Amino acid sequence: SQQGEEDPQALSIQEGENATMNCSYKTSINNLQWYRQNSGRGLVHLILIRSNEREKHSGRLRVTLDTSKKSSSLLITASRAADTASYFCATDGKGSGNTGKLIFGQGTTLQVKP
Amino acid sequence: EAQVTQNPRYLITVTGKKLTVTCSQNMNHEYMSWYRQDPGLGLRQIYYSMNVEVTDKGDVPEGYKVSRKEKRNFPLILESPSPNQTSLYFCASRQGVGETQYFGPGTRLLVL
Numbered sequence: 051s052q053q054g055e056e057d058p059q060a061l062s063i064q065e066g067e068n069a070t071m072n073c074s075y076k077t078s079i080n081n082l083q084w085y086r087q088n089s090g091r092g093l094v095h096l097i098l099i100r101s102n103e104r105e106k107h108s109g110r111l112r113v114t115l116d117t118s119k120k121s122s123s124l125l126i127t128a129s130r131a132a133d134t135a136s137y138f139c140a141t142d143g144k145g146s147g148n149t150g151k152l153i154f155g156q157g158t159t160l161q162v163k164p
Numbered sequence: 032e033a034q035v036t037q038n039p040r041y042l043i044t045v046t047g048k049k050l051t052v053t054c055s056q057n058m059n060h061e062y063m064s065w066y067r068q069d070p071g072l073g074l075r076q077i078y079y080s081m082n083v084e085v086t087d088k089g090d091v092p093e094g095y096k097v098s099r100k101e102k103r104n105f106p107l108i109l110e111s112p113s114p115n116q117t118s119l120y121f122c123a124s125r126q127g128v129g130e131t132q133y134f135g136p137g138t139r140l141l142v143l
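Going down the list, the protein sequences come from chains E and Z. When we follow the numbering used here, the leftmost residue of the first sequence carries the number 51, and every step to the right adds one. When we follow the numbering used here, the leftmost residue of the second sequence carries the number 32, and every step to the right adds one.
Fair warning: there could be bad hints in the mix.
Stated by the list, open to error - Among chain E residues calculated to face chain Z with C-beta under 10 Å, some are:
1) Arg91
2) Gly92
3) Ile153
No lab work stands behind these hints: they were computed from the structure. In this text, all values refer to a predicted model and were calculated from it rather than measured experimentally. C-beta: ideal position from N, C-alpha, C; glycine also.
Turn these sequences into a full structure, and let the hints steer you where they fit.
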């Protein structure tokens, strides 16, 4: 089964509001990465947070990680219409070894209305 | 610009006609992977490579082959494509274990 599960599956907000997406996973991880995908196009890397980190910021993005609860959240502040996309969390599990395999969640589809 | 490139970006083919999707990265990364993305199934790893001449199966390798003759290139080969290989394919690379994984722009394949 998928390692990462995201919540909510879909989110619709007004421009300027904040958007929060949550991700849960099942096993121990090296790190967790967040990606954005616009309408079936490429995967754009947003941020990586390591298992020994609790919070990380990048511009309008804030990611938290709680390894005790096996969960992460992505907060986008002051959202813009251009943030409309699907957002995926992906875990790099400790058990993946040298495979490089990331386990992806099903994603959260974010719509930001102008 | 550091990037992963894939070609072609879109491809329509017929069952049984061999095809190759190329992937190249200019970041001197050791590790490369291929994934496919399907509705309801998410992204799944097809094959991966840890270095030149070192490749191994991922979760869904059936019907695919890969090669890693040079560090920068990691082509995906479909010897005899079938309709169930219709999908969106992504190549990815990373420098090492636990590092950021960068994805190419994707190749949308339709097998008739």
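Hint-by-hint comparison with the structure:
no.	hint	result
1	Arg91	holds, 6 Å
2	Gly92	holds, 4 Å
3	Ile153	holds, 9 Å
Violated hints are absent here; each numbered hint is respected by the structure.
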